[in-house]
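There are 4 protein chains.
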Amino acid sequence: MKSYRLVIDCPDRVGIVAAVSRFLAEHNASIVEANHHCDKQAKWFFMRNEIEAQSIELSLAEFKQEFAQLAEQFSMNWKIVDSSVKQNVVLMASRESHCLADLLHRWHSGELDCNIVAVIANHEHLRQMAQWHGLPYHYVPFNKGEKQAAFDQVRELILQYKADTVVLARFMQIFPDELCKELAGQVINIHHSFLPSFAGAKPYHQAHERGVKLIGATCHYVTGDLDAGPIIDQEIVRISHRDSVEDMVRKGKECEKSALARGLRSHIEDRVIINGNKTVVFD
Amino acid sequence: MKSYRLVIDCPDRVGIVAAVSRFLAEHNASIVEANHHCDKQAKWFFMRNEIEAQSIELSLAEFKQEFAQLAEQFSMNWKIVDSSVKQNVVLMASRESHCLADLLHRWHSGELDCNIVAVIANHEHLRQMAQWHGLPYHYVPFNKGEKQAAFDQVRELILQYKADTVVLARFMQIFPDELCKELAGQVINIHHSFLPSFAGAKPYHQAHERGVKLIGATCHYVTGDLDAGPIIDQEIVRISHRDSVEDMVRKGKECEKSALARGLRSHIEDRVIINGNKTVVFD
Amino acid sequence: MKSYRLVIDCPDRVGIVAAVSRFLAEHNASIVEANHHCDKQAKWFFMRNEIEAQSIELSLAEFKQEFAQLAEQFSMNWKIVDSSVKQNVVLMASRESHCLADLLHRWHSGELDCNIVAVIANHEHLRQMAQWHGLPYHYVPFNKGEKQAAFDQVRELILQYKADTVVLARFMQIFPDELCKELAGQVINIHHSFLPSFAGAKPYHQAHERGVKLIGATCHYVTGDLDAGPIIDQEIVRISHRDSVEDMVRKGKECEKSALARGLRSHIEDRVIINGNKTVVFD
Amino acid sequence: MKSYRLVIDCPDRVGIVAAVSRFLAEHNASIVEANHHCDKQAKWFFMRNEIEAQSIELSLAEFKQEFAQLAEQFSMNWKIVDSSVKQNVVLMASRESHCLADLLHRWHSGELDCNIVAVIANHEHLRQMAQWHGLPYHYVPFNKGEKQAAFDQVRELILQYKADTVVLARFMQIFPDELCKELAGQVINIHHSFLPSFAGAKPYHQAHERGVKLIGATCHYVTGDLDAGPIIDQEIVRISHRDSVEDMVRKGKECEKSALARGLRSHIEDRVIINGNKTVVFD
Chain A
1 MKSYRLVIDC PDRVGIVAAV SRFLAEHNAS IVEANHHCDK QAKWFFMRNE IEAQSIELSL
61 AEFKQEFAQL AEQFSMNWKI VDSSVKQNVV LMASRESHCL ADLLHRWHSG ELDCNIVAVI
121 ANHEHLRQMA QWHGLPYHYV PFNKGEKQAA FDQVRELILQ YKADTVVLAR FMQIFPDELC
181 KELAGQVINI HHSFLPSFAG AKPYHQAHER GVKLIGATCH YVTGDLDAGP IIDQEIVRIS
241 HRDSVEDMVR KGKECEKSAL ARGLRSHIED RVIINGNKTV VFD
Chain B
1 MKSYRLVIDC PDRVGIVAAV SRFLAEHNAS IVEANHHCDK QAKWFFMRNE IEAQSIELSL
61 AEFKQEFAQL AEQFSMNWKI VDSSVKQNVV LMASRESHCL ADLLHRWHSG ELDCNIVAVI
121 ANHEHLRQMA QWHGLPYHYV PFNKGEKQAA FDQVRELILQ YKADTVVLAR FMQIFPDELC
181 KELAGQVINI HHSFLPSFAG AKPYHQAHER GVKLIGATCH YVTGDLDAGP IIDQEIVRIS
241 HRDSVEDMVR KGKECEKSAL ARGLRSHIED RVIINGNKTV VFD
Chain C
1 MKSYRLVIDC PDRVGIVAAV SRFLAEHNAS IVEANHHCDK QAKWFFMRNE IEAQSIELSL
61 AEFKQEFAQL AEQFSMNWKI VDSSVKQNVV LMASRESHCL ADLLHRWHSG ELDCNIVAVI
121 ANHEHLRQMA QWHGLPYHYV PFNKGEKQAA FDQVRELILQ YKADTVVLAR FMQIFPDELC
181 KELAGQVINI HHSFLPSFAG AKPYHQAHER GVKLIGATCH YVTGDLDAGP IIDQEIVRIS
241 HRDSVEDMVR KGKECEKSAL ARGLRSHIED RVIINGNKTV VFD
Chain D
1 MKSYRLVIDC PDRVGIVAAV SRFLAEHNAS IVEANHHCDK QAKWFFMRNE IEAQSIELSL
61 AEFKQEFAQL AEQFSMNWKI VDSSVKQNVV LMASRESHCL ADLLHRWHSG ELDCNIVAVI
121 ANHEHLRQMA QWHGLPYHYV PFNKGEKQAA FDQVRELILQ YKADTVVLAR FMQIFPDELC
181 KELAGQVINI HHSFLPSFAG AKPYHQAHER GVKLIGATCH YVTGDLDAGP IIDQEIVRIS
241 HRDSVEDMVR KGKECEKSAL ARGLRSHIED RVIINGNKTV VFD
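Protein chains in written order, with UniProt numbering: chain A, 1 to 283; chain B, 1 to 283; chain C, 1 to 283; chain D, 1 to 283.
Misleading hints may appear alongside valid ones.
Which copy is meant is left open, because identical chains are indistinguishable; a pair holds if it fits in one copy or across any two.
Okay, derived cross-link-like pairs now, DSBU-like style, lysine-lysine, Cα gap no bigger than 30 angstroms in a straight line [to be verified]:
{"no.": "1", "residue 1": "K144", "residue 2": "K86"}
{"no.": "2", "residue 1": "K181", "residue 2": "K43"}
{"no.": "3", "residue 1": "K251", "residue 2": "K64"}
{"no.": "4", "residue 1": "K40", "residue 2": "K79"}
{"no.": "5", "residue 1": "K278", "residue 2": "K251"}
{"no.": "6", "residue 1": "K147", "residue 2": "K64"}
{"no.": "7", "residue 1": "K181", "residue 2": "K251"}
{"no.": "8", "residue 1": "K144", "residue 2": "K40"}
{"no.": "9", "residue 1": "K40", "residue 2": "K2"}
{"no.": "10", "residue 1": "K40", "residue 2": "K86"}
{"no.": "11", "residue 1": "K79", "residue 2": "K251"}
{"no.": "12", "residue 1": "K162", "residue 2": "K202"}
{"no.": "13", "residue 1": "K64", "residue 2": "K144"}
{"no.": "14", "residue 1": "K43", "residue 2": "K162"}
{"no.": "15", "residue 1": "K64", "residue 2": "K40"}
The hints are simulated quantities; they were obtained by calculation from the structure and are not laboratory data.
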């Protein structure tokens, strides 16, 4: 079923829901799902309406034109998205295959509703896996002293593929600040700890050293601050003194796959709105 | 902060949200929290709006009068509840103290926003606990052959205390069918298994016998069908072959306390709407 | 690191651990991991010792010979397994790909320490997936009236591949009683509910109908009683009234993959001992 | 059933289990539960045996004398504990009642097998709760500039009550370094975050600020490094953008109660062995 997703955030005040709902009802929109949230501290309002496309008596172009007035009145950031127009997604990886394989299978089996258009990696290991799924595989080496050039090449590929979203599926190079800014809100990473614990390198080693009884993973938007961007989803698993670092790596992979898949799904269904350094996730 | 809770269910059609939102906006209602749900199979719509009481330019009486027209137009079941008018809650128990003690402490510390008005029990064991909390304690013995008389006495007490809600905090007698009907949607039970597994007596023994690796508890409305009423919340905990029945009883108590406390909280905040033999829980 | 796994069960009495430990120490065995369990009801003792292979001053043949006396003395069921001799595993599937893809990737990436030797399926859908992993794919149709013949063919293939373990990775045909008996303790199934709830067909539909707030999956040994064999592992996920049957199917798949992968891993590491209709799982 | 708990840690080498098991078998000890662990990095071995007291043909005094030789041979740290001799436990609190009430009820209902001997608090709020449980309540004010004197008084009370264990049940004053050293391994704290995230003050505010999707609690031994002592247990709960700091405080309390109760139970059953800045927890 084709639907339109109307996603809004704006300063909070009385009458937003009424105005939007009236607008939708006047055009006979049948609402499949509606979510609101008000951040009381920030006095900011968030809203997502999923509308049955065939119910509404407006084309998408007409909707955009007519809704613009209302949006301006409430100083809204807003978009309306046609669910049948899939996002272009580029996956990036290094050596570890579990997140890449997991996302590719979800896509292959129809669970992830997007166009995965390419895989970019700084190793050759995963070429066959990508190619079996019919995807171009771009090997971009990240040699010392040549990282800026490598990222320039990555940037070109992202532009060339008209990627709406870039997923760092255990891609182990740190995105440069300018690229983070250029792609703000479009790059999703999976970090292998329950942030803010164990940011940076070798989080499972850090966790083992500290003797925690839980380990986890965090799916977040990439920003210039390493491992400090807005969190979309987190997952944890219980461990014990019996677990070696290797056990933790193995068990943690389950968390990484789950948190990344859920976070990406929410993102491509336009369920995530960035709110400063946090997120509103309507699920 | 005082609020009004407007809780609605009605046949689904276009324009419900618009009509309700417009009504609220026209009276300047500031919406604290809004939730919708549409049961596509049943073609039934569910809605809960929490409204800042001081924002709205209507008394509760005026609201009821004015909203009635709109409600009729959409064939709504509806209520509007003043959050400052607390529900009267009667707790019922047998010998086991953990659920009773848990609820009483939550109430004592201000976490449960209701008036607990009395404890009824078919044993004397928990009298002191109730009395320390300043509550009357009614011992109603359930001897063989005298159960109907005992339930008549229970019913009288429930009426006398004008109980809005009755909580069976591990009360181990089966409510008779007529009383279930009379108090439909008002009696909350905690069953010590993840229903529908292990309904009936001695669920931990059943679970031990079957060798499950998870045990749990279920908070549900009481109906004439034993352990088969609408489920409000469930909780589980992982176990292993090392756990004896006694260990399972101990670990399961955590599930019972959690599921009951969460379910009761949802109920007294008018977040639960019964939908046939299921529930919509807006949390 | 190569290790030997000594797995024992026997009637409980004083001195078993002492006798076994002394035997191991006398041959200089370095114990990597040791687990005991006593089923007090059944008065039965369970034990698993993982021994560093290079530490012990006995060949496997010598060990078997020397230990046999001690084993007889305590009426032990026992085996000693060389961790470097991998089990042969046959996977069986129908249309659904998620469990098969998950197990194949775990195997491909070295996480599952076994030889997957073939895939048998009653549909053609998953042939390419199996073949990409270099595995023979046997399509065995299960037409009405020809099921016994089909199972005869399955049995032949299992024998031909010298399968130690057969995994029903969402294989949707019911194993006949005789085959269950012939392969007792060797066939692992994943059922898509937290058993004993919702045994049989369409468990997610059953769960949706009942309005539960948790769904799950159960990994168990196959016996002649449908969905009633010894449980190895279970997993659950929280759901709400918002989840349709389709959502439940999607969320449940995560449980199925996890419970099956964990259960199979425990099985191939000889961590599972069947105890009547239950299991002891040393993890 | 009375049991003896033999708890050992020592440098790892071949033959420890054999020697201990032989010793136990020679004295006819029936082992209720046995656990081993080897820290491969530290090359250190940990062991706990729970022995049916009536089965063993030695008095506790005789056991201590006879076992001492074996212990010396393996350079063991060791103790043997009579399960019927309960630990003396002092609870410390501030204003928040949930952890105190939870522990007191578990003790009152026989779930916590120890002698709670007194409550010490730096506020008067919880006096009645303690007294209803028949416990002396010591109010020790912690005024600015007089904290050392207050801790001197706390120390005296701990000595006076011959406390084996001190539980900081949301006691909000930081133990001085010398007292931490004097009571090393005896003081258990509950911190209201999943450490190492959000150490220090106001962890729920920190968590809200950071926008995490999980909050938690950590039960750990108190050391001179604030919130950095060996972790015994942790618990988490899922939250969302809808949760205010107040909601997080409320939901977090569940984690605090669970993690503290489980951690304390493990401690008083001699299941926890400190291993540097980590713990081995045999459960």
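Okay, the hints, checked on the actual structure:
Taking the shortest Cα distances, K144 and K86 never come within 30 angstroms of each other, neither inside one copy (37 angstroms) nor across copies (41 angstroms). In the homo-oligomer, the alpha carbons of K181 and K43 lie at most 30 angstroms apart inside one protomer (25 angstroms), although the nearest pairing across protomers, at 45 angstroms, exceeds that limit. Proximity of K251 to K64 under the C-alpha cut-off of 30 angstroms is found in neither arrangement, the shortest distances being 47 angstroms within a copy and 34 angstroms between copies. Both within a single protomer and between protomers do K40 and K79 lie at most 30 angstroms apart by alpha-carbon distance, with minima of 23 angstroms and 26 angstroms respectively.
Taking CA atoms no more than 30 angstroms apart as the test, K278 paired with K251 passes in both settings, with 27 angstroms inside one copy and 20 angstroms between copies. Taking the shortest alpha-carbon separations for K147 and K64, neither the intra-copy value of 42 angstroms nor the inter-copy value of 58 angstroms comes in at or below 30 angstroms. For the homomeric pair K181 and K251, neither the shortest alpha-carbon distance inside one copy (33 angstroms) nor that between copies (34 angstroms) is at most 30 angstroms. Taking the closest pair of Cα atoms, K144 and K40 never come within 30 angstroms of each other, the shortest separation being 47 angstroms inside a single copy and 35 angstroms across copies.
In this homomeric assembly, K40 and K2 come within 30 angstroms of each other (Cα to Cα) only across copies, at 16 angstroms, whereas the closest approach inside a single copy is 34 angstroms. Proximity of K40 and K86 under a CA criterion of 30 angstroms is satisfied inter-copy only: 25 angstroms between copies versus 34 angstroms inside one chain copy. In this assembly of identical chains, K79 and K251 lie within 30 angstroms of each other by CA distance solely across copies; the values are 28 angstroms between and 39 angstroms within a copy. For the identical chains of this complex, K162 and K202 are neighbours neither inside a copy (33 angstroms) nor across copies (41 angstroms), given an alpha-carbon limit of 30 angstroms.
Taking the shortest Cα distances, K64 and K144 never come within 30 angstroms of each other, neither inside one copy (48 angstroms) nor across copies (55 angstroms). Taking the shortest Cα distances, K43 and K162 never come within 30 angstroms of each other, neither inside one copy (35 angstroms) nor across copies (40 angstroms). In this assembly of identical chains, the alpha carbons of K64 and K40 lie at most 30 angstroms apart whether taken from the same copy (29 angstroms) or from different copies (28 angstroms).
Hint check: violations occur at hints 1, 3, 6, 7, 8, 12, 13 and 14; the rest are consistent with the structure.
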